[in-house]
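Chemist: Protein chains in written order, with our numbering: chain A, 1 to 79; chain B, 80 to 314.
Mixed in with the good hints, there may be bad ones.
Within a straight-line C-alpha distance of at most 27 Å, the following computed DSS-like cross-link-like pairs (lysine-lysine) qualify [unchecked claim]:
#  : chain 1 : residue 1 : chain 2 : residue 2
1  : A       : K77       : B       : K185
2  : A       : K62       : B       : K116
3  : B       : K190      : A       : K73
4  : B       : K209      : A       : K7
5  : B       : K116      : B       : K204
6  : B       : K242      : A       : K77
7  : B       : K118      : A       : K18
8  : A       : K63       : B       : K287
9  : B       : K185      : A       : K59
10 : A       : K18       : B       : K116
11 : A       : K63       : A       : K77
12 : A       : K50       : B       : K118
13 : A       : K59       : A       : K39
14 : B       : K190      : B       : K289
15 : B       : K209      : A       : K59
16 : B       : K116      : A       : K7
17 : A       : K50       : B       : K185
18 : B       : K284      : B       : K206
19 : A       : K18       : A       : K45
20 : A       : K7        : A       : K59
21 : A       : K11       : A       : K39
22 : B       : K190      : B       : K284
23 : B       : K116      : A       : K59
24 : B       : K206      : A       : K36
25 : B       : K118      : A       : K59
26 : B       : K121      : A       : K14
What the hints contain is simulated information worked out from the structure, not anything from laboratory work.
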Amino acid sequence: MQEFAEKQIKKELKIDAKALDIPTGAAEVFIENTLKSVKKNIRTKKTITKLDLERLITKELKKYNSDLAYVYKIRDKII
Amino acid sequence: MNILTGVGILLLSMLIAAFLQLKHGVFLLFLHYTSGKFKKDKVSILSLFYILGVEIVIAIIFTTIYYMLDSLFAVIPASGQTLFEWIIAGILIGLGFIFPFCYFKKGPGTKLFISRNLASQFSLKAKNVKTRSDAFVLGIVSSLPELILIIPLIMISIISITKLDGTPLSRAAIILAFILLNVVPLFIIQTLFYHHYNLADLERKREKSKNFIRFLISFSYISIAILIIASGVLN
Chain A
1 MQEFAEKQIK KELKIDAKAL DIPTGAAEVF IENTLKSVKK NIRTKKTITK
51 LDLERLITKE LKKYNSDLAY VYKIRDKII
Chain B
80 MNILTGVGIL LLSMLIAAFL QLKHGVFLLF LHYTSGKFKK DKVSILSLFY
130 ILGVEIVIAI IFTTIYYMLD SLFAVIPASG QTLFEWIIAG ILIGLGFIFP
180 FCYFKKGPGT KLFISRNLAS QFSLKAKNVK TRSDAFVLGI VSSLPELILI
230 IPLIMISIIS ITKLDGTPLS RAAIILAFIL LNVVPLFIIQ TLFYHHYNLA
280 DLERKREKSK NFIRFLISFS YISIAILIIA SGVLN
């Protein structure tokens, strides 16, 4: 079992956003909002699978930027 | 072996070697993460070192096998050489039939045949590249798992080169072309990256062309085998 590593996810998403040429300010807002609503969604659950968490983050990110959501979704499936 | 057969084998071998996907996938990840961390100048230098790493591996493997086969064929009779060619043809037919089922894993994305542990190691290394030597080593290491698919092609290409009655200079030119064409797709990816294509765009394209690559490489393996068999039968 792992804890919800918010800092790590935020750091990785920021690198992805910079590589995708998303302006830093906008990216920070996307990421903050995404993680806020993910936390809200999982608040009532004691445990959540890694896959479900990734699915939730992807779904939320898609609302702001489809490229960032796609990169987050496929990052383990490129090679 | 006539000129057409020899050139056909060489071109198809070069095509397969250039289209194998592991080095492309790792390069995409590497470009994505480095462009997320460093300035453009540093990214372009690092990517050149990655490409150099890939190039060095193929050059070393090609020249080593060339030397080994040259020494071997100097001592074994012509019938032994034909048997050797037929064995390679058999291996290529096997690879051609296995390739569509085993190269890409099932499911979304472009997951390759390598173990998931190895894939995540590559991903981690691509994420943590900071220096030129890191990029160079990543280039070398990412070429190694696909050698099993390239070595039979290199062997048959060398046999074709030695059987085509060319001057040493023309042979050297063919060897150089084989080695250089292997990294042309990497330069194309790099150029696209600098022209505002990002990982999402390129990966979408890769995912779309997954079945085409499967078909193309499998068809090329089998075509090379048919060319070898046909030239053996006609002789």
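Chemist: Each hint: holds or not?
Modeler: Okay, the hints, checked on the actual structure:
1. A/K77 <-> B/K185: holds (11 Å)
2. A/K62 <-> B/K116: holds (23 Å)
3. B/K190 <-> A/K73: holds (13 Å)
4. B/K209 <-> A/K7: Within the cut-off at roughly 21 Å; holds.
5. B/K116 <-> B/K204: Holds: B/K116 and B/K204 sit about 14 Å apart, inside 27 Å.
6. B/K242 <-> A/K77: Violated: B/K242 and A/K77 sit about 43 Å apart, past 27 Å.
7. B/K118 <-> A/K18: Between B/K118 and A/K18 the Cα gap is close to 11 Å, so the pair holds against 27 Å.
8. A/K63 <-> B/K287: Distance of about 24 Å is within 27 Å: holds.
9. B/K185 <-> A/K59: Holds, because 23 Å separates the two Cα atoms, which is no more than 27 Å.
10. A/K18 <-> B/K116: Roughly 8 Å separates the two Cα atoms, so the pair holds.
11. A/K63 <-> A/K77: The given pair, whose Cα atoms are some 22 Å apart, holds under the 27 Å limit.
12. A/K50 <-> B/K118: The given pair, whose Cα atoms are some 33 Å apart, is violated under the 27 Å limit.
13. A/K59 <-> A/K39: holds (13 Å)
14. B/K190 <-> B/K289: holds (10 Å)
15. B/K209 <-> A/K59: violated (32 Å)
16. B/K116 <-> A/K7: The given pair, whose Cα atoms are some 17 Å apart, holds under the 27 Å limit.
17. A/K50 <-> B/K185: Holds. A/K50 to B/K185 sits at ~20 Å (cutoff 27 Å).
18. B/K284 <-> B/K206: holds (22 Å)
19. A/K18 <-> A/K45: Roughly 32 Å separates the two Cα atoms, so the pair is violated.
20. A/K7 <-> A/K59: holds (19 Å)
21. A/K11 <-> A/K39: holds (17 Å)
22. B/K190 <-> B/K284: holds (14 Å)
23. B/K116 <-> A/K59: holds (25 Å)
24. B/K206 <-> A/K36: Since the Cα atoms of B/K206 and A/K36 sit roughly 26 Å apart, the hinted pair holds (cutoff 27 Å).
25. B/K118 <-> A/K59: Roughly 30 Å between the alpha carbons, so the hint for B/K118 and A/K59 is violated.
26. B/K121 <-> A/K14: holds (19 Å)
The structure fails hints 6, 12, 15, 19 and 25 (numbered hints given earlier, in ascending order).
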